[in-house]
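Student: Line by line, the protein sequences give chains A and B. Heads up, the first sequence is in numbering that gives the first Met the number 0, so the first residue is 0 and it goes up one at a time. Heads up, the second sequence is in numbering that gives the first Met the number 0, so the first residue is 0 and it goes up one at a time.
Do not take every clue at face value.
Because identical chains share one entry, a pair is satisfied inside a single copy or across any pair of copies.
[As the list claims (entries may be wrong)] Straight line, CA to CA, 20 Å or less: simulated EDC-like cross-link-like pairs of lysine to aspartate or glutamate:
hint, residue 1, residue 2
1, Lys445, Asp272
2, Lys480, Asp502
3, Lys654, Glu545
4, Lys654, Glu618
5, Lys445, Asp288
6, Lys302, Asp412
7, Lys282, Asp272
8, Lys282, Asp237
9, Lys452, Asp288
10, Lys621, Glu640
11, Lys282, Glu228
12, Lys304, Asp384
13, Lys38, Asp159
Don't read these hints as lab results, they were simulated from the structure.
Number of protein chains: 2
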Amino acid sequence: MEKRDDQWKRNLAPLLKPQTIAIVGISGGGTGMGGSTAKNLQKFGYKGQILAVNPKYDEILGLKSYKSLLDIPAEVDLVVVAVPAEAVLPVMCEAAAKKAKAATIYTSGFSETGEKGRQLQVELVKICEENQIRLCGPNNMGTLSLRERVMVYTAHIPEDIKAGGLGFVGQSGSMTMCALAAAYARGIGCSYLITSGNEAVLEASDYIRFMLDDPATRVIGCFIEGFKEPDKFRAVADLALEKGKPMVILKVGRSLKGQEAALGHTGSMTGSDAVQDAFFKQKGIIRVDEIEELVETAELFLKSKLPKRNRIAFTMISGGGCGIVSDISHQLGLEIPELSDATCQALAPIVPAFGRVGNPLDLTGTAYRNPEMYYQCLEILLKEDVDILCIDPDIPWIEPLIPKAQELAAKTDKLLTIFGLTSENMTEAKRKMWQDSTIPILQDPKRGLRAVKSLVDFSEFLEKRSSETPSVGVSSVDLSKVKAILGRAGKVLTEYQSKQLLDAYGIPITREELAHTPEEALEIARKIGYPVALKVQSEKIAHKTEAKVIRLNLKEDREVLTAYEEVLSNAKRFNPVAIVDGILVQEMVPGGTEAMAGMVADKQFGPCLVFGLGGILVEVLKDISMRVAPLGKRDALDMIEEIRGFQILQGFRGKPRGDIEKIADVLTILSRLSIDLRERIKEIDINPIAVYPEGEGVKVVDALVVLN
Amino acid sequence: MEKRDDQWKRNLAPLLKPQTIAIVGISGGGTGMGGSTAKNLQKFGYKGQILAVNPKYDEILGLKSYKSLLDIPAEVDLVVVAVPAEAVLPVMCEAAAKKAKAATIYTSGFSETGEKGRQLQVELVKICEENQIRLCGPNNMGTLSLRERVMVYTAHIPEDIKAGGLGFVGQSGSMTMCALAAAYARGIGCSYLITSGNEAVLEASDYIRFMLDDPATRVIGCFIEGFKEPDKFRAVADLALEKGKPMVILKVGRSLKGQEAALGHTGSMTGSDAVQDAFFKQKGIIRVDEIEELVETAELFLKSKLPKRNRIAFTMISGGGCGIVSDISHQLGLEIPELSDATCQALAPIVPAFGRVGNPLDLTGTAYRNPEMYYQCLEILLKEDVDILCIDPDIPWIEPLIPKAQELAAKTDKLLTIFGLTSENMTEAKRKMWQDSTIPILQDPKRGLRAVKSLVDFSEFLEKRSSETPSVGVSSVDLSKVKAILGRAGKVLTEYQSKQLLDAYGIPITREELAHTPEEALEIARKIGYPVALKVQSEKIAHKTEAKVIRLNLKEDREVLTAYEEVLSNAKRFNPVAIVDGILVQEMVPGGTEAMAGMVADKQFGPCLVFGLGGILVEVLKDISMRVAPLGKRDALDMIEEIRGFQILQGFRGKPRGDIEKIADVLTILSRLSIDLRERIKEIDINPIAVYPEGEGVKVVDALVVLN
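Sequences are here, hints too, so could you generate the full structure?
Tutor: Here it is, written out as structure tokens:
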């Protein structure tokens, strides 16, 4: 949950649209970070007031220079700090006294370095939080507000940079510079571009939220090393979905190495990558691996309508090229449908003799000399039942193609895109010609088609989400039972306690009771009905099979009595001091398909649900799926459908379809339980859960709950 | 096997190093394909004689023009044909009469079009084969011999193109042009570049063999749509391995669509893609998906020593960049080892305060201003225990870095490579500076590191191959038994016959005999020992379980007698007209791990071996591996290790390790059997084969052989 007193962080206008900016630590010659900032502000025609603070000068770069912030007569919105680390706190005290509303601190030497720096940052945060100073940084390179022409930025900015729909936040200054350069090279305009530095006060989520609320920002791009407050990011991700704005994130830390690099750099904590992936999947966030991929994907999202499905068509000018794009599309799961008879008949008289009427459509080198033929084919293809049309631009008459393609794109609800088969087909000169057009340009077949796939996936995600099945109600939680179980528990719950806890939430478990004498065991066995299983319950005996304290399939009284003595003496032998809670007498359940479900508490994202099929699928092939709680029914179904062995649940080799709905219910209830009890429970392991045919439910056969 | 009379195709000197070239069909104005060829030859200083053939002119482009080939007084090595399709055969007849040794036919309209074109090509092949005319094409764009400056090529060639170590063969003219453009942009020189067109006579394998024999060609690149003679390609692949020359192949046809496009284009047959992949894997061939990837990979191979292992280190100038390269390396399976203490200590005083001593090494933006620091770090890292060092070139002083990097690379046995984190770091200007250096340049982190992985894999492949385990001898094949079984067979062999065939080759099968009466069944059962299984054997009853003609685990005489009647009457009910060969009485074998092995005959590559583990792993997860026969022991072991479920065979959850050696023996014997009997056998399905603990062997429990 967001902290109530964080509300002021929602208004980033003083930081990103300041009326007055004071630059503290600007050198007399106008060099250094302060000077670069002043020059950038001046060069791009900042409309507000810029003031310099340097006690040694009266004027710097034509700006009036003051001895201190406090000497400035006007109100100051934003204080830009470029003084050495040891001088930062005094400046910030003055900023507080001056009632400045925002600050950007370029200076390094805070939490990204040793203990001293960390201490300095704690002090810094205190000043900002107490005085509600919206701080960007420290250890950053500034911010760009492209539309408002507020370039509080230390590095070079191309003169003809333009504003546009991409909002970018980067936790790495240099990667943000790379993203800006790549976007500029493609003619992609940004709304805001933020280098967030150490995120002492404002964090990526704050900037993203601000951008989501900005109507001109249509796509969010991020370079992320770690989330300071995952809950805040979760709220922001939900807001993005609500607004239908895609987030394209390059999140490093897939490898341990990646995590280390992140730690070293911003001091932020990187969570387990599998959880990260699960969370992104769950929120429709597009994850990419490199900067070019981020910008190419962002470009496609900015310039595209969302395709309804994944049906793609190509016009090519080479049979070899047809093979390449077909193979890549196929590998990515894009569908290349056959053309309809009508389309084929329409194309046949137009397509050159050695070409190929089909999808991909091969127009051959004839297209070099025959734009009209090319246009006619495009017009015909746009009537075909496909969602995406990709055009190979390897033709000498590319300039006239631009307006034509735009004209065609305007008339259709299909996505029309240009893509280069090799980078030699996408020279800087060609890119320059295209970049102002409304047609998205993909510069590389693999990367580009991957971006198309992301677009299709995002569209499907939104569609699926809008048809969300309501979650099963967990109306009848037996809270007193929950309290009682947890009240007397140690570090783990026994199988019996674990199942009782699940039962209190309405998850179906085996019929069973705890016996304390052989007679009790007999009584319970008869009540439940034979065959039964006996299992010793003790907090100190977690691995029951190993300790030989389980006996299965007992068919009559005599067997129960013998087994009772046996498991009890085995327990004593295994651990003489273990306190035995009792002997669990449990019904034997018919087979069903064995599945497993569980929860692990992630340090960053909290409870994460896990699902898989039992046995080798989980243990050898690690065939599991994961989602972050809370889970909707749709999320739960996605989890189930996602595992590679899903076919086994769908009905396989004459076996009936399993009760998938009921597994989904268990997962959503487990999600609710994990959130309710997140302070107490560290891990839940339900293994196995027997899955019966559709309509016949599921049943937890064994479970273990680990407490904090 | 190569046809004996194909020997003349090995000498491609008349085609690629001709002394005299006659261009037939060159237009008077010197335009068209003939004219372009003459101009290219002239422009690049062809040393031999160029003659024109055009009855209407005496001179074209300064060349003496003859009425016909036969009028030329000199001997002609190479005839270049640029006349319309219908005029090609007469010209080729003249070429034959003139005893020309080679021809290149640009003309389209042969097998790539309809039946008429196919017929024309048959005639063309006849003329060439009879007269041993080494034909390139038809329907191609020519050939380049860069070192010899023989540019028999219809398209534009950059003036400053240089010769080098890449030999390229492309079945698509335009994709070959793309490859040439990409290689040129990177400063990669080619030895030969061939557009092979329809491959009526000479095929890709012929050109590749020629290049493998050329010492200056060090890496082979190919764009392939299909192999005309897979056996020839197999021989060429073996030759490449023998010579240690890597082949980087873009083979389209992964998707059905890809195959169609290939069919439409060259009329060549594309085999099943899984087989293709298996074959490439088996021969150490590097498969890529796009032209840029092909050229980037080829560049790396051309400029690199083969790394011993996969240990990689990076110097970066941004913490964010460290995260990106770590993650990508991790995903690809490259190892980023920790630096040794000695290295860390050596680096610590040099690396800037906000950098990070580690791997990747983060030198921060300080590197912008401090080349000396950068060099020192490189020197230190080159002493570290890594195989590959990647340098981030995003620095303004890139020009002096070039000689320095070359100097360092010359002193080390490690691979030193420059790679761009984004394409903005790899502008055309920067590339130009670097392209003459001996340092390989990777232009994109994903593509580049994938190329590094291919290099590592190739190196490991060669290493593994040099330690090849000798195959098990199949010395004792019972040929008369084989002959007898196949002699009386129909479309399939029964289980009994199938197993007898395997037995004749020495593959272990269950103890079993065929009974024709209940008494015989009893006798056999007693001899084998209880328990036994009974299975009806009939060619007409392939699915025995479905027909209920199997009874397992019969423990005594009485059960055998009852089961005998039962399965026989079930067989009659299932198919009243089925001829029953007898009832198989088979030992019941203890469990073991269930595996499957098999063979499918691929239309192109012939017998292919398949391996997997039984049950859901094969049936649901399609967890199988594949290789093309013949199989070495190493190939067989690779097949076994490759499946995802390999851990199950390695010993898992207390179960012992399976007899992997013996599975490998079965696969190699199966390979031998499949080749011996390739004319007769279409498919073999051994499922299951029981795998026992190490040293205890394997046993075929059920098998089916399908005949041609």
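Student: Could you tell me which of the numbered hints above are not met by this structure, giving the numbers in increasing order?
Tutor: none
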